[in-house]
Amino acid sequence: MLEPSYVSGLADGEGCFCVSISPRKLKEVQWEIRPSFSISLNKKSKGILYQIRDFFQCGFIRPSKKDNTYKYEIRELKELAEKIIPHFQKYHLYTEKKKDFETFEKVVRMMRQGKHLSFDGLKEIVSLIVNMNPHGKKIYNRKEIADLMNV
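Sequential numbering from 1 applies to the sequence shown in the UniProt record's numbering.
Hints in this document: simulated from the structure, not taken from any laboratory.
Among the hints, a few may not be true.
[Said to hold, decoys possible] Below, simulated DSS-like cross-link-like pairs (lysine-lysine); rule was C-alpha separation at most 27 Å, straight line:
(1) K98 - K115
(2) K44 - K66
(3) K99 - K123
(4) K78 - K99
(5) K123 - K98
(6) K106 - K66
(7) K97 - K78
(8) K71 - K106
(9) K90 - K78
Let the sequences and hints guide you as you build the complete structure.
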């Protein structure tokens, strides 16, 4: 069994707290918000990802189509709120990733309250996440989305 502090340390270095935004058709709110937590490792280290999945008792592991890595990922809102967030509240992050976690935590809480289902709530979420993971890859530029929504 992995030590909780080891899991936090690995996430601090190789993990990602992400909130993605994508267009959604035929809905009152035109954008969908999807939070996820992931850890990516080289194929040779994928055994650790299975131990992390066992540690959290949720999520899935998949190979990357682009490189020689595997990714452990959790996308279910309930699992993020009840397993991932409490872990990192207790076993802290120490790098810049701590700020992303704090924003991620707020977004998950807002989604559990249903705020992402209203235009005003969506605007508030976008205003929070616009600066998350500044070096991460983005399909939709969050600044452009924020501008479209007048955030």
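Exercise. Tell me, which hint numbers fail for this structure?
Worked result: The structure conflicts with hint 6 only, although it agrees with all the remaining ones.
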